[in-house]
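Those protein sequences? They're chains A and B, same order as listed. Sequential numbering from 60 applies to the first sequence in this note's numbering. Sequential numbering from 169 applies to the second sequence in this note's numbering.
Honestly, I wouldn't trust all of these hints.
As the list claims (entries may be wrong) - Below, a list of computed lysine-lysine pairs in the DSS-like style, where the Cα atoms sit at most 27 Å apart:
1. A:K317 with B:K353
2. A:K238 with B:K240
3. B:K353 with A:K318
4. A:K116 with A:K287
5. A:K393 with A:K511
6. A:K287 with A:K277
7. A:K277 with B:K353
8. A:K240 with B:K240
9. A:K244 with B:K240
As the list claims (entries may be wrong) - Pairwise CB distance ranges, derived in the manner of DEER restraints:
10. A:H256 with B:L358: 28 to 38 Å
11. A:R412 with B:L239: 35 to 45 Å
12. A:Q270 with B:S382: 40 to 50 Å
13. A:D432 with B:L436: 48 to 58 Å
It is worth saying that the hints were derived from the structure and are not from the lab. All C-beta atoms, glycine included, are put in the ideal place defined by N, C-alpha and C.
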Amino acid sequence: MSMGGPSRWCRLIVFLFIAIAVSACHENSRPHSLKIGLAEEPRTLNVWLASDANSRKVLSLIYQPLYVYDPDTLDLVPWLAESMPVYDAQTLSYTVTLRDARWSDDTPFTSRDVAFTGNLIRSFQVPRYASNWRFIDRIETPDSHTVTFYLKKPMAAFLSGTLSTPIVQEKEWAGFAEKAKTTEKPLATLINHRVQHPVGTGPFTLEQWRQGAFLHLKRNPHFFGTGKTINGRLLGPFFNDLVYSVFGTSDVAILALKKGDIDMFWWPIQPGYLSDLSQQKKIRLFTNEKSALYFMGFNLRRPPFNDVALRRAVAYTIDKDFIVSRILQGQGTKMYSVVPAENRFWCCTDLPRYGDDMSRQNRLKTAYQVLVDAGYSWAVPPVDAVGNLQPGREIRLPGGQPMGRFTILTPPADYDPHRATSGLMIQEWLRELGMPAYARPMAFSSMLQQVKGNHDFDAFILGYGRLRLDPDYVRNLFHSANDKSRGWNMSGYHDSTFDQLADRSTSELDPLKRQALVMDMQRLIARDLPYLPLYKPSVVEAVRTDRFEGWVEMLEGIGNIWSMCQVKPVNYDGA
Amino acid sequence: MGLKRFILRRLVEIAVIFFVIMTVLFILFRLAPGDPVSRMVDPSMTPEDARLLMESMGLDQPVWTQYLYYLKNAATGNMGVSFHYGEPVTHILLNRLPNTMLLFTTSIIISALLGVFLGKIAAWKRGERTDTLMTIGALFCHTLFLPWLALIMIWFFAYWVGWFPITGMVSPDVWIDPDAGFVVKALDVLHHMALPLMTLVLIHFGSYLLVMRSSMLETLKDDYILTARAKGLDEKTIRDHHAAPNAALPVVTTVGLSLAFSINGGALTETVFTWPGLGRELVFSVSHADYPLAQAAFLLIAIVVLLANLVVDVLYAYLDPRIRY
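Looking at chain A on its own, in the form it has when it is part of the complex:
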C-alpha cells in the first residue's frame, strides 16, 4: 500500500491550512448582533408542542400573550392588551381592549386572532394550555380591538393563566387546523405540524434555523412596542440580529463567553465556574432567584411517615443552612413554604421554621423531644439522662415495634448533585436520631415511576425548577382528588379543610381574598408537612459587558422579554 510522496501530502496539508485560515478571517458583518449560547438546541417552533425550555426561549420572543409579568413587582401588566381587563360580575365576563399591533407579516392583529387562539386550544384540547381554557364558555369579538371572555364559573386562573397564553395568527393556523380536524388524531396532527416560518407579534421574527447549528432571529419591524414606553420602559429592540448557538457542555460555553464568541450564556452557571468568571473584566454575573421548590416528600399512606410527629422531627433534624452554604455553595436560599418567598404576594411568611437558626445540639434535642412526646422510644436514646447527645440506636414506633429500614429516594448525582448530596446528608442526620435511613440515588425516570406512578416509596427529594407565579399548583400538589397514580399529590395528603380552601381558591376572583385562602393552605402544609421545603438554587447568569448593556433582572434571571426589548449595544447611538 503506497502512501504517496511525502511532498505531495505536505503541499495538500499546507494548502488546507491556508484555506482554513482564510475562512477563519471572515469578518463579522453584523456588529449589532446579539449572540446567545444555549445548553441544548430548541426542539420545535410549534408553540403547541414545545415543552422544553430552549424552544420556549425562542418562541417567547415570537408569540406574545395579552399580559406579561412586570419584572419588579411581578404584577400582570398589559402587553398585547391596552389596559387591564374589565370584569362584569353579572355576565361573568372579562372584556379586554387590544393594543394597535401588527403581525410580523404586516397584517393587523385583531380580536379575531385572540378568539381563534382560545377556540383552537379548546377544540383541540391542547395539553399545555387546555386547563386554562376549559372554563371559558364562549369568546366574543364586538370589534376588532375588543374581545370578551365569558366564563362558565369564576376562575382565579383566568388572569394569570388564560390571559398569558401566547396568541397565534388566525391566518397562519386556521387552514391547517381545519385540515387537522379531519384526521384520525386531530391533536397529534396539530402538535406535530412542522412550523417553519412562525408569524408572531413579538420583537423578533425567525430568519433562519439551521438545525443542530444555530438559530437566527431578526428584529420584527412591525413590533408594537418599538419606540413606545410600556410599563415605564422604553422598548426596542435596539439590535437587528439575535443568534442562538448551542454548546454541548458548560465548560465550552464558558470558554466561548470568555473568548467573546457569545455575549450571554442563557443557562444557570454552576458554582464551580464563578470564581474564574468573577475575575474576568469583561464579564458580569447576575444572580437572581428562581421560582422553584426543592423539597423532601413523605409517603403518608404507610408507616412510619404517616405520623406527623415523625415528619416534624425530621424537619427539626435537617440543617438547611448547611445545605445552602455547603452543598449549594451559597448559591441558593432556604425555603419554608411551598411557595417561593420571591413570589411575594402569595408566599406566606408566618410559617413555622423548624430547626431554623438552631445549633446542631438544639435541633437534635428538639427532634428527640417531639418524638418522645409522640411515644417513640429507643434502645439507646440520642439524648442521655443528663441531656448530652449520644448516637441513638434502634428507634421504636409508638406501638413498641422497631422502626423498619426506610429509603430516601433522590435523583443520581450526575442528574442533580445537590439533591443527591442533600439526601446523603439527611440520611446521616436521621441516623444520629437512631433512624434506619438510607439515601438511594435512582435514575430520574425510575424515581418518578416509583413515586408518582406506583406510590411505592418512603421518602424522596424532588424539585420543580420552574413554578408558575400563580399559586394554583399548591392545590394540584396536595388536593386529595389528585392522590391517584400519576396524580400530582404524590405524598397522599388528605385533609378536608385543605381541600375546601383549595377549591375556594380556584374560584375566588378577589385577589386579597384568594391570597388569604392560599396563605391558609400554606399554613396547613407547614403544619402537616407532607412536603418539607428545603431550598431553591439561585440563577447565576453571565454576560459580556463590552458589546451589550441594559439587561433587565427579574425572577428567573435576565433571560426575559424585557431584556430582549431593552438591551442595547454599548455606545448605542440610536441608529
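We have chain A already, so just place chain B on it with the hints.
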C-alpha cells in the same frame, strides 16, 4: 457455495436478525421505567392534560397494539414521529447522518492511513528506538480519555491560541452572511471540523498502528519477502510494495467495521464539540424516552452494521484470492 448464494443466504439471515433487533428494541424501551410524558408535564397541568398528551403519542394503546403499529409502519419505512421534535424521525436522522459521517468517516480514514503508514515503519524498525517510541505513543494516545483530551484541545487550540472555533459545525456569522459563497461555507465547516478530527485521529490511529505493526511483522517472515530480497530489490520497495499491501489486510477488516459503527457517532465527541450528529440525538432520545427517535436511530445503526459485515466478507474474498465462498 457460490458468491451469489452466499450473499443471498446472508441477506436472509440479516432480515431475521433485523426483525429480532426490532422486537428487542421495542421491548427494551417499554420495559425501561418512566414514560415520555412524565418529563413533559409540570404541576400546573392536570392529569387530564397528561392523558391527552399520552393519547396524542399513541401511548394510550395496549402494548401489543403499539407493537403491531410499529411493525406495520416499519415495513412501509415509516418510523414514526418524534415526541419532542414533532417531526418524522427519518427526517431528523437524515438531517444528522451526513454530519456524523463527515466527521467520523474522515477520522477513520485518516487514522487508518496514519496507522498503516506508521505501523509499517515501526515493524520495519522492530526493536529500534523508532519502534519503541511509536508503540508507546500509540498505546498512550489510544488510552487517553476522550472528553478530557477534547477539552484540552479546545482550551489550547481554540481558546488559548485561537486557531480554531471553540465548538459547533458552522459559524453563524458566515452562514448568515448572504455574500458568503459555497467555498467560504465549505472552508468554514472544515475549520470547525479540524479540532474534533484531530482529537479523534489522536485517539484512534494507535489501534491501526498496532494492528498494522503486528501484521507486518508476520508478513516479513514470509518466503516471498525473502525472494524479493534475493532478487535484489531495494528495502523501500520490499516494504512498501511487497510487505505493506499484504499486511494491510486485517486493517481493511477493522476499517470496514469501524466505518459501519461510525454512524452511531461518538456521543462524547459530539457532545463536547457540539457536533450535530447522530450520537447526540441518540443520547437525547434515550434520556428523554423519545421512543420513535431512539428506536429508529438504533435500527439505522443495526442495519448499517449488518450490511457492513456482509460487505467486509465479500471484500475479503476480493482482496484475498485464497478465500472463496
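For each hint given before, does the structure comply? Return the numbers of the non-compliant ones in rising order. Hint check: 11 fails alone, others pass.
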